[in-house]
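Trainee: Chain by chain, the residues:
2 protein chains.
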Amino acid sequence: MRRMRLRHLALSSLLLVAPLVHADEGMWTFDSFPSKTVKTKYGFEPTQTFLDHLRLSSAKLGGCSASFVSSSGLVMTNHHCAHECIAQLSTAKKDYVDTGFYAKTQADEVKCPTLEVTQLQSITDVTERMGKATKGLSGQAYADARKGEMSKIEKECTTADDVRCDVVTLYEGGKYVLHKAKRYQDVRLVFAPELAIAFFGGDPDNFEFPRYDLDVSFVRIYDGGKPAKPSDRFTWSTKNAKDGDLSFVPGHPGRTSRQKTFAQLEMIRDVALPKRLLYMEEWRGQTLQYEEKSAEAHRTAKTQRFYIENDVKRGRGRFATLLDKAFMATKLAAENELKSKVMADATKKAAYGGAWDAIAKAESDYRNFYDEYLYLEGERHGVEGTWGFRSDLFAIGKALVRAGDELPKPNEKRFREFASSNVVALEQELFSDAPIYEELEIFDLTFSLTKLREALGADHPMVKKILGKESPKSMATRLVKNTKLRDVATRKALYAGGKKAIDASKDPFILLAKLIDGDARALRTKYETLVEAPETKSGQQIAEARFAFYGTSSYPDATGTLRLSFGRLEGWKEKGVTIAPITTFGGAFDRHTGEEPFQLPKTWLDAKSKLDLKTPFDFVSTNDIIGGNSGSPVVNQAGEIIGLVFDGNFLSLGGDFGFDPAVNRTVAVHSAALLQALEKIYGAQRIVDELRAK
Amino acid sequence: MRRMRLRHLALSSLLLVAPLVHADEGMWTFDSFPSKTVKTKYGFEPTQTFLDHLRLSSAKLGGCSASFVSSSGLVMTNHHCAHECIAQLSTAKKDYVDTGFYAKTQADEVKCPTLEVTQLQSITDVTERMGKATKGLSGQAYADARKGEMSKIEKECTTADDVRCDVVTLYEGGKYVLHKAKRYQDVRLVFAPELAIAFFGGDPDNFEFPRYDLDVSFVRIYDGGKPAKPSDRFTWSTKNAKDGDLSFVPGHPGRTSRQKTFAQLEMIRDVALPKRLLYMEEWRGQTLQYEEKSAEAHRTAKTQRFYIENDVKRGRGRFATLLDKAFMATKLAAENELKSKVMADATKKAAYGGAWDAIAKAESDYRNFYDEYLYLEGERHGVEGTWGFRSDLFAIGKALVRAGDELPKPNEKRFREFASSNVVALEQELFSDAPIYEELEIFDLTFSLTKLREALGADHPMVKKILGKESPKSMATRLVKNTKLRDVATRKALYAGGKKAIDASKDPFILLAKLIDGDARALRTKYETLVEAPETKSGQQIAEARFAFYGTSSYPDATGTLRLSFGRLEGWKEKGVTIAPITTFGGAFDRHTGEEPFQLPKTWLDAKSKLDLKTPFDFVSTNDIIGGNSGSPVVNQAGEIIGLVFDGNFLSLGGDFGFDPAVNRTVAVHSAALLQALEKIYGAQRIVDELRAK
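From first to last, the protein sequence lines are chains A and B.
The numbering used here numbers the first residue of the first sequence as 1 and each following residue consecutively.
The numbering used here numbers the first residue of the second sequence as 1 and each following residue consecutively.
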C-alpha cells in the first residue's frame with residue numbers, strides 16, 4: 001500500500017512573466033526539447049540520437065525516476081525511492097533500513113512487494129480524439145466523457161499485461177498524449193546503504209546544501225524469473241564532472257503548478273497548504289513519540305515519519321513562496337497580461353474570456369466542501385487512505401468494496417483507478433504481501449479519525465455515523481483487531497467473489513467502507529462536477545489562449561511523465577554567501593558528530609583510511625526539477641552518468657510555482673562517490689563491474 | 001512557572017469600519033463606559049454606584065478574571081484558570097484534576113503555589129508624564145525612556161508588598177494609565193469539579209456551542225493566615241437569567257489587535273500565526289503520544305496538552321478571520337479612510353502622516369530576525385521559557401542569570417520584568433515549590449531544541465554554540481539529570497548570592513543561560529529598537545489621529561486590564577441553523593457516550609435522579625470578550641451573578657481583530673447550574689451557603 005506520496009522535491013521565488021522562459025528553466029517533453037537553446041548557451045546541440053538514448057535509458061519507478069545502468073537489468077534510483085521496499089523486507093530481527101542491504105550474488109536479490117519499473121516506449125498525440133469526445137459538454141457530462149475516452153484509449157493500447165498505457169493531460173488540457181510503456185513488476189532489491197548515510201543529516205539537512213548523502217539504491221528488473229535485458233542503458237562517465245560542466249536530467253517530475261491561475265494559487269496558499277501542513281505537523285509529532293515506545297515501534301513507523309517530515313519541509317518551502325508578495329504580484333501581472341490580450345480580441349474573448357472566472361468560481365465552490373472531500377473521499381484514489389482513514393486496511397477494504405461495484409461496469413464508465421489499464425497495478429497493490437503492522441494501523445487510524453472529528457466537528461452527520469458512541473481509539477482498535485484483511489488470501493477471495501462476496505462480508509473494514517461509500521461517492525461527483533470539470537475545461541481554454549499569443553515553444557507543467565532538463569554544475573549566492581557546488585567525502589567526516597542524524601555508519605568510519613577524502617560526494621546543478629525527479633540520473637553530453645539526483649536545495653522548494661535560475665538548485669550524488677563507496681566501503685564489486693562494463 | 005499562556009478566547013469575521021462601534025461591541029474602560037447607549041438599547045442606565053460595585057467586586061487571577069463572591073474572601077473563577085494549581089497539588093497517588101477537589105472545611109483549603117489575586121483600587125491618567133519623558137526621542141533612546149519612566153511611576157506607587165502597580169498602555173500608546181491594585185498571594189484551593197465535567201466534550205467541543213461544561217473553581221484569598229475580607233463582593237441572583245436578559249461582563253480581556261495597522265495584521269497572518277500553529281501542532285502531537293507512555297506521563301503532561309490544544313484551536317479561528325478577504329478589505333478600507341483624512345490636513349500630515357510606513361518598515365525588519373528572536377529570547381519575558389527552550393528549569397536558570405545582572409542596576413534601567421514593582425511576582429514564581437517533572441522537562445526541552453535547530457538551521461552559529469556535538473535529546477537529558485535547580489533552596493541561594501554566585505555556579509542550566517545571554521540580549525535590543533520603539537511611537541500617532549477625527553468615544557484594544565462589556569443572552573444563526581442560547585443538564589446526559597471526552601463523571605451519573613434535568617446549564621450572550629475574560633462573572637442589572645464566562649463560540653475566535661455582533665458569542669455557565677451542582681452533586685453546602693448569604 002502506498003499511502004504516502006514519495007518525496008516531491010520542489011522549486012523557488014521571484015520569476016516568470018508568462019511568455020518568458022529563463023535560462024535553464026524547463027521540464028521539457030522529449031518531442032519539443034530546445035536543442036538550439038542549449039547549443040547557443042552551452043555550445044552543444046543534442047541530436048535526436050542523443051535524446052532517444054536518454055529517453056530509452058530512463059525508467060520510472062513508483063513515484064520516482066530511475067535509470068537502466070547495465071545490460072542485465074540493473075536499475076539505479078535513490079535509497080528513499082526504495083525505502084518502502086527496504087522497510088517491507090525488514091523484520092524485527094533484521095532491519096535493512098538500518099544495516100543496509102547487499103545481495104552478494106544474484107541469487108540473493110529479493111523481490112520488492114509493490115515496486116513497478118516502466119520504460120517509456122512511445123508517445124502519441126491524442127488531443128484531437130479527446131477534443132471530439134468532450135465537444136459541447138460541461139459539468140458531470142464533460143467529466144464522464146473525458147475520463148471515459150481516456151479509459152477507452154488506454155484499453156485499446158494495452159495489448160498485454162506488461163504494457164502500461166496512460167493518457168496524459170498536458171498544458172492543463174491543452175494537449176493530450178498517450179504514453180505506452182513496458183512494465184516490469186518483478187523488481188528485486190540488489191543494494192542499499194544504511195539510512196544513516198543515505199539520509200545523513202536527516203530532516204535538518206533535508207532540502208539543504210552543502211550535503212553529504214549517499215542516497216542510492218540498486219534494484220534489478222526480472223522477466224520470466226531471469227534478469228531482464230533493457231533495450232538501452234546508460235554507461236558510467238570515466239571523467240569526474242566538475243564546476244561548470246553541462247548536465248542533463250531525464251526523469252519524471254511529478255507535478256508543478258506554474259500554469260495555475262491566481263485563484264488556484266490563492267486556494268493553495270490559503271486553504272490547501274495550511275490545512276495539509278497543520279495535519280502533517282501533528283502527525284509528525286505523534287509519530288515521533290510513537291516511535292519512542294519500543295524498538296519495534298521505531299522500526300515500523302520510521303519510514304512513515306520520514307515521508308511526513310519530507311512532506312512538511314516541502315510544504316514549508318512551497319508556503320514561503322506563495323506568501324512572497326513580490327512573487328504573487330508577478331503571477332498576477334502575467335495573468336492580467338494574457339487576460340487583457342484575450343479581452344481585446346472579440347473572437348478570443350468569446351472563446352476564452354470566461355475561463356478565469358470559471359476557475360475562480362470552481363475554487364470558491366471547492367472551499368465549501370474541501371474538508372469533507374479530503375477526509376471522506378480523498379484527492380488521490382486507488383488503494384490509498386484518505387485524510388480521515390490513514391490505514392492500509394481501510395484502503396484495502398475501500399478498494400475491495402469499490403472493485404465489487406466498478407469492475408462489472410463497462411470499462412469507460414468505471415472510476416479511472418478501476419479502468420482495465422489500471423487493474424494490473426491495482427491488483428499488485430491489493431495482493432501485495434507487504435507487512436501491515438497492527439499497532440501502527442491502530443495508531444494511524446486513531447489519529448486520522450480524531451482529525452476527521454476535529455475537521456468536520458463532533459456533530460457532523462458523517463462523524464456521528466462513523467463513530468457512533470465510540471472514541472476514535474476504541475473504534476480503531478476494534479476494527480484492526482477484528483479484521484481479516486491482513487490476510488492476502490482473504491482479500492483475493494473477496495475480490496474474486498465480487499459484489500456478492502462483499503455484501504456477505506462482516507469484516508469491519510468492509511462494513512466501514514460500505515457505510516461511507518454512498519456519501520464518499522457523492523462527494524467525488526460533487527468534486528468532479530463543480531471543480532474538476534470546469535477547471536479542466538477552462539484550463540484548456542487558457543492553454544489555447546497562451547498558444548495563440550505566445551506560441552507553443554514553452555513546456556507544459558509537470559505531470560509525472562518523462563521530461564528532460566538541462567543546466568550545469570554551479571553554486572549559488574544566498575544572503576551574501578557563495579555556496580560552492582561540490583562537497584567531498586572529507587566534509588562528511590567533518591560533519592560527523594557521533595549523534596543522530598549526524599552519525600556516519602560504522603562501515604564508513606572503519607573504511608575512512610581507505611578512502612580518498614577529496615573524492616567529490618554531492619553536487620548542485622541548475623537543472624529544473626521537482627519531486628518525482630528523485631532517482632533521475634545526471635548525464636553529461638556524452639550521455640554518460642555523472643550523478644544521481646536526490647533532492648533540491650531549500651530555495652528550490654517554491655519551484656512548484658515558478659523557477660528562479662539564480663537560486664534554484666538540483667542536488668545530486670556525484671558518480672565518483674557512488675563508485676568509490678560501492679568498491680571501498682561496501683565491497684560491492686559485482687555492481688561496480690556491471691556499471692563499468694561498456 | 002507559567003510557561004503557557006492561559007486560555008485566550010478570541011472573536012470573529014466581517015465588520016468594523018474604524019469609527020463605527022457595533023451594538024454590544026466594546027471592552028470598555030470603567031471611566032468611559034457608554035451608559036447612555038445601554039439605556040437607549042436596553043432601557044437600563046448603569047449608575048456610577050453600579051459601575052463601582054462591579055469594578056470593586058471583580059478580581060484578576062493570573063492571566064484570568066475572577067470575582068469576589070463572599071464576604072470571607074471566596075473567589076470564583078474557571079476550572080481552567082486554576083487548572084495549573086490543581087495539577088500542581090496533585091500527586092501520582094491522588095490526581096485532583098481527574099477526581100476534583102473539595103475542601104470540606106476551611107482547614108482543608110490548600111495553598112496554590114503560584115496563584116495571585118488582585119483587586120483594582122484606582123486608575124490614574126499618566127499620559128502627560130509619559131509624553132514628557134519620551135519627547136523628541138526615537139529608537140533605543142525612546143524605548144529606554146518609555147520603560148524607564150514606567151518603572152519609575154510604578155516604583156513610586158508601590159508603597160507595600162501587597163500593592164501592585166502597573167502602568168498600562170492604552171490606544172497603542174495614545175493614553176497611559178496607572179493601575180493600583182491590592183495583591184493577594186496566599187490563595188487557597190476550595191473547590192474544583194472533575195476535569196471530565198469542567199471540560200466535557202474536550203478539545204472537539206472547545207470553542208463550540210451548544211455546550212455542557214461546569215468550568216468553575218473556587219479559591220479563597222487569605223491575609224495573615226486568615227480569610228481576607230474584600231471591600232466588595234457579588235451576591236447571587238435569585239432569578240434565573242433567560243433568553244433576552246441584559247448581561248454585563250466585568251473582566252480582564254488579555255489582548256486584542258483591532259487597532260493594528262494592515263501591515264501588522266499581514267505579519268500576523270503570514271508569519272506569526274502560521275509559525276505558531278505549526279509549532280504548536282507538532283508539540284500537541286508529541287505530547288499526546290508522550291502521554292501514552294504511562295499513567296504518570298499522562299498525569300504530568302495533560303495540563304500542558306490542554307493549553308496547547310486550546311492555543312491551536314484559538315489560532316485556527318484567528319487564522320480563518322485573517323484569511324477572510326472581505327474582512328481584510330474592510331480593515332484596509334478603514335485604514336485608508338483615516339490615512340486620507342490625515343494626508344488632506346497639512347498639520348496632521350506632518351504629525352502623523354509617516355506612522356503607517358514606519359510600522360510597515362518595522363514589521364518588515366521584524367520578519368528578518370523573527371525566528372531568532374522567538375527561539376532565543378522570546379516575546380514574553382520573566383520566568384518563562386522561549387520557543388527554543390521549553391523548560392521550567394531553563395526559565396529558572398535564565399531568570400537567575402538575568403537577576404544577577406539586572407537587580408544591581410537602578411530601577412529604571414532594568415529589564416521591565418526585574419523592575420522593583422515586578423520583583424514580588426518574580427520571586428513568587430522563582431521560589432514556588434510547584435513540582436517540576438524530570439521526564440517531562442527532558443521531553444519538552446528535546447522538542448524545543450529540535451525545533452530551534454529546524455527553524456534556524458543546523459549550521460546557524462547559535463545552534464552550533466548551543467548543541468555542539470550533542471543531539472537535542474542528549475543535551476536535554478544531560479542538563480535535566482545534572483541540574484540542582486529543581487531544589488528551591490538552591491535557587492534562593494543563587495538569587496541571594498547575586499552575580500558572584502551565578503558566575504561561580506557550574507549548574508548546566510545556569511551555564512546554558514549564560515552561554516546565550518549576550519546574543520539573546522542583543523536580539524532583545526534589536527527588537528526594541530527596530531520594532532517596538534517605532535511601533536509604539538507610530539501607534540501613538542495613529543491613536544492621536546483617530547482621536548482627532550473620530551473623537552475619544554471608542555474603547556481601547558484589550559491590554560489585560562479591567563474592562564466592562566454589555567449585551568444580552570441571545571442565540572445566533574449559522575449556515576441557516578438557529579442555535580438556542582441556553583442548554584440544560586438533560587442535554588449533557590444526552591451527549592454522554594461513555595467514551596472520553598464525552599464521558600460524564602461518576603458523580604454526575606450517580607446523582608442524575610436527584611437533578612432537575614431542565615436546569616439551565618450553559619448559555620451564550622452577545623457580550624464582547626476575549627481570552628483573559630475567562631472566569632469573569634456575568635452580572636444582571638441588579639449587579640447579581642447570573643453566570644460565569646468560560647469560553648467563546650468558534651465564530652468569536654476572530655474577535656481578536658474585530659467584533660461581529662451577528663455571530664460573536666460569549667459562552668458561560670449558568671448560575672443555576674453552579675448552585676445545583678454544588679448542592680446536589682458535590683454536597684458542597686458550605687460554599688452554597690456563602691454564595692447565598694446576602
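Keep in mind the hints are simulated off the structure, nothing from the lab.
A hint or two may mislead.
Each pair may be met inside one copy or between any two copies, as identical chains are not told apart.
To be verified - Within a straight-line C-alpha distance of at most 16 Å, the following computed EDC-like cross-link-like pairs (lysine to aspartate or glutamate) qualify:
1) K481 <-> E640
2) K473 <-> E292
3) K473 <-> E596
4) K348 <-> E439
5) K694 <-> E439
6) K602 <-> D161
7) K135 <-> E335
8) K182 <-> E116
9) K469 <-> D459
10) K36 <-> E429
11) K526 <-> E266
12) K182 <-> D517
13) K464 <-> E596
14) K473 <-> D232
Trainee: Which hint numbers does the structure go against, in order from smallest to largest?
Mentor: 1, 4, 5, 6, 7, 10, 11, 12, 14
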